[in-house]
Amino acid sequence: MSTTAITLEELESERAELLPSRETLCCGCRPCGFIAIDVNVAVIVCL
Amino acid sequence: MSTATQPVSSQPAAPAPLPGTAPQLVDPPRLAEGVELLGEFKDSGDSQPPSLVRRPDGQVIQLSKLLYLVASHLDGTRSATTIAELVSGDLGRTLSAEQARYVIAEKLAPLGIIAIAGQPPAAPTADPLLALKARGTLLPARAANAAGTLLRPLFRPPVVLAVIAVAAATDFWVFTSHQLAAGLAQILRDPAGLVLVAALTVLSAAFHELGHAAGCSYGGGRPGRIGAGIYLIWPSFFTNVTDSYRLSRAGRLRTDLGGLYFNLIFILALAGLYAATNAGILLLVIVVIHLEMIEQLLPFARFDGYFILSDIIGVPDLFARIPPILKTALARATRRARPADPRITGMRRKARVAVTVWVAVTVPLLLAALGYLLLHLPAIDRALWHATATQARQLAAATGAGQYAAAAADTISMLLAGLSGAGSLYLLGSLARRAATTSWRRTAGRPARRLLAAAAAAAFLTALALYWTLQGQFSGW
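Read top to bottom, the protein sequences are chains G and C.
In case it helps, this note's numbering puts the first sequence at residues 1 to 47.
In case it helps, this note's numbering puts the second sequence at residues 48 to 524.
No lab work stands behind these hints, which were simulated from the structure alone.
Hints may be right or wrong, so weigh each one.
Taking lysine to any residue pairs in the SDA-like style, the calculated list, with each CA pair at most 25 Å apart, reads [to be verified]:
| no. | chain 1 | residue 1 | chain 2 | residue 2 |
| --- | --- | --- | --- | --- |
| 1 | C | 89 | G | 5 |
| 2 | C | 180 | G | 11 |
| 3 | C | 89 | G | 3 |
| 4 | C | 374 | G | 11 |
Simulated restraints, written as ranges between beta carbons of each label pair [what the hints assert, rightly or not]:
| no. | chain 1 | residue 1 | chain 2 | residue 2 | range |
| --- | --- | --- | --- | --- | --- |
| 5 | C | 380 | G | 4 | 56 to 62 Å |
| 6 | C | 422 | G | 4 | 55 to 61 Å |
| 7 | C | 501 | G | 5 | 44 to 50 Å |
| 8 | G | 5 | C | 83 | 56 to 62 Å |
| 9 | G | 8 | C | 498 | 47 to 53 Å |
| 10 | C | 462 | G | 8 | 35 to 41 Å |
| 11 | C | 203 | G | 4 | 46 to 52 Å |
| 12 | C | 407 | G | 5 | 39 to 45 Å |
| 13 | C | 498 | G | 5 | 30 to 36 Å |
| 14 | G | 8 | C | 203 | 49 to 55 Å |
| 15 | G | 4 | C | 74 | 57 to 63 Å |
| 16 | G | 5 | C | 499 | 24 to 30 Å |
Virtual Cβ for every residue (Gly too), placed ideally from N, Cα, C.
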């Protein structure tokens, strides 16, 4: 069975990529002032 | 048997070694100690799915099919000729021994995954934009993995269905019962109640991270450490779930959604506590957690929404696709001919459309946010400094008066306002460093261009300082 040869151009286009660490984030520890804003928004939304 | 060797969507991972400094590979070639072949990236948005390898330092690398096949045949006994024959058999196309040697030396070795005779050079690592900085460990990998394993049963389908159903009923009651006013009144009467809200919110955030670890573990992954760091300007918890790259789309999505799912469990616990104590403030905490869950779903920074979108599309690093999409768009706008970038053309059509829309929305938003921060940096940090100083004075007064709950609230606010100020400087410092190093690298050997870049940077900084001064942002500190 004859197969086609891989060209230098194809070889050049082969690439790799360094993937970043997968780090899930949760910014729960914000200043109390921001939490107070959240609280106010919550109350406004719900009342 | 597979057939073609097509370019795989990716970005250049590592610079080629400088002439004369190429390390000496062991012969016959083999993978470096501790390098793992993780197999194909499942449910990829690329038409030719890439495969993954992991170095012992934890760095995961995405390889195109041909590169991965060559890597998978390196066992320290096979010659380049044998490897070329094996890869040719796998691909259905002919790879010569010389080409196999080229791939090993020029494509794989610079990634730090090939064994080197003597001291190996420093391997490249990813330096992603807008990543978490200043990380510290709260729960080492082994403990996080144990916690994930322990909490794994919470992801059994009947449990998940029950939690969602009860949480929906709880939410309906919380948002329609009008009991929240009692919680607000409690805070207004006694501001120290804010300490409880803050403490429970932080606890909820920590529990959220355990949800990611447990979700990763349920899917067969091994979660890494749980810790805290600075994200943009906010202190943030994090869980390293890099191992979920090797999971299926469902496994990755379970990992992504695990945090929000654990927020629901936390809400149920708070509702139970409310039923027992009738403390209205707990209902406020429930609403605050909902707001945080909505924030988590934003896909523009590396919150849960970003990873959810990334996994639905099947492209593991959306931020890495921004430069090629912008360059292509710019070339089209200016009608300049530009060779097709495999990072774009390698994507399936639906994935390409989704990523393009994400870039079109995200880039202006991030630029606007960054621009605002840059233009108002002294004013923002002045406000944060004043807040920190005020909290410090209130802390001293509260401590002196023996009001220890209020003192605790002031301590938390003082520390976090201070951290946010430091975070804003850290963020802009990091971006400036990145811009400087990129500019330095790109103007190497071209002194005129380097001079131009330096002049542009100096002009920009001067204009910025002038704007800050005219706005009066340096006064009133």
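These are the hints, each one checked on the structure:
1. Taking the CA atoms of residue 89 of chain C and residue 5 of chain G, the gap is near 28 Å; set against the 25 Å cutoff, the hint is violated.
2. Restraint check for residue 180 of chain C and residue 11 of chain G: the C-alpha separation of about 36 Å exceeds 25 Å, so the hint is violated.
3. At most 25 Å may separate the alpha-carbon atoms for a hinted pair to count; residue 89 of chain C and residue 3 of chain G exceed this at roughly 28 Å.
4. Taking the CA atoms of residue 374 of chain C and residue 11 of chain G, the gap is about 24 Å. The hint holds against a cut of 25 Å.
5. Look at residue 380 of chain C against residue 4 of chain G: about 38 Å separates their beta carbons, and that is not inside 56 to 62 Å.
6. Distance hint check for residue 422 of chain C and residue 4 of chain G: the Cβ-Cβ separation is about 57 Å, which falls inside the suggested range of 55 to 61 Å.
7. For residue 501 of chain C paired with residue 5 of chain G, a C-beta distance near 48 Å keeps the hint of 44 to 50 Å intact.
8. A C-beta distance of roughly 31 Å is found between residue 5 of chain G and residue 83 of chain C, which places it outside the suggested range of 56 to 62 Å.
9. Look at residue 8 of chain G against residue 498 of chain C: about 37 Å separates their beta carbons, and that is not inside 47 to 53 Å.
10. Evaluation of the 35 to 41 Å hint for residue 462 of chain C and residue 8 of chain G yields a failure: the beta carbon distance comes to about 59 Å.
11. Between residue 203 of chain C and residue 4 of chain G the CB atoms are about 51 Å apart, so this pair conforms to the stated range of 46 to 52 Å.
12. Our hint of 39 to 45 Å for residue 407 of chain C and residue 5 of chain G holds, since their Cβ atoms are close to 41 Å apart.
13. Between residue 498 of chain C and residue 5 of chain G the beta carbon distance is about 47 Å. The supplied range of 30 to 36 Å is therefore violated.
14. The hinted range of 49 to 55 Å is satisfied by residue 8 of chain G and residue 203 of chain C, whose Cβ atoms lie roughly 53 Å apart.
15. The supplied range of 57 to 63 Å is broken by residue 4 of chain G and residue 74 of chain C, whose beta-carbon atoms lie about 29 Å from each other.
16. Between residue 5 of chain G and residue 499 of chain C, the C-beta spacing of about 45 Å breaks the proposed range 24 to 30 Å.
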